[in-house]
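Student: Sequence:
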Amino acid sequence: MHISQARAILNSREACDIHYWTSKGEQQVALGAVSLSYDTRTGTRNIKILSSGQVRRIRDVCIFMLNDEEVYI
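Going from the sequence shown to the working numbering is simple: count from 1 and add 618.
In case anyone wonders, no lab produced these hints; they're calculated from the structure. Because the structure is a prediction, the values reported are computed rather than measured. Each hint should be verified, as a subset may be incorrect.
[Claimed, not checked] Each pair of labels, with its calculated beta carbon distance range:
| # | residue 1 | residue 2 | range |
| --- | --- | --- | --- |
| 1 | Tyr690 | Asn629 | 17 to 25 Å |
| 2 | Ile691 | Asp657 | 12 to 20 Å |
| 3 | Glu632 | Ser670 | 25 to 33 Å |
| 4 | Gly671 | Ile691 | 26 to 34 Å |
| 5 | Gly671 | Ser622 | 27 to 35 Å |
| 6 | Val679 | Asp635 | 14 to 22 Å |
| 7 | Asn629 | Leu649 | 16 to 24 Å |
| 8 | Arg677 | Leu649 | 17 to 25 Å |
| 9 | His620 | Gly671 | 14 to 22 Å |
| 10 | Asp686 | Arg659 | 12 to 20 Å |
Built from N, CA and C at the ideal position, the CB exists for glycine as well.
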């Protein structure tokens, strides 16, 4: 799926599984995460992992898989 489709899914605020790279190049998985907000200036979004309540900030361009579908730019 294209990054624009992934953004539309994330902006719907429904729970989804997000696979992304960290700033150190490590792969992380956020199962059952909901997007809280998106900053267009920096290209980052805050997500909340529902099972643990953790809030994390990730870059949209670092998302490589959403709901078991590969994301491309």
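Student: All hints, please: hold or fail.
Tutor: Tested hints:
1. Tyr690 with Asn629: 17 to 25 Å: holds, 18 Å
2. Ile691 with Asp657: 12 to 20 Å: holds, 18 Å
3. Glu632 with Ser670: 25 to 33 Å: violated, 18 Å
4. Gly671 with Ile691: 26 to 34 Å: Given a distance of about 30 Å, which is inside 26 to 34 Å, the answer is holds.
5. Gly671 with Ser622: 27 to 35 Å: The hinted range 27 to 35 Å holds for glycine 671 and serine 622, with Cβ atoms some 29 Å apart.
6. Val679 with Asp635: 14 to 22 Å: The hint (14 to 22 Å, Cβ to Cβ) holds, given that valine 679 and aspartate 635 are roughly 18 Å apart.
7. Asn629 with Leu649: 16 to 24 Å: Holds - the Cβ-Cβ distance for asparagine 629 and leucine 649, about 19 Å, lies within 16 to 24 Å.
8. Arg677 with Leu649: 17 to 25 Å: holds, 19 Å
9. His620 with Gly671: 14 to 22 Å: violated, 31 Å
10. Asp686 with Arg659: 12 to 20 Å: About 30 Å separates the Cβ atoms of aspartate 686 and arginine 659, which means 12 to 20 Å is violated.
Hint compliance for this structure: hints 3, 9, 10 are not met, and every other hint is.
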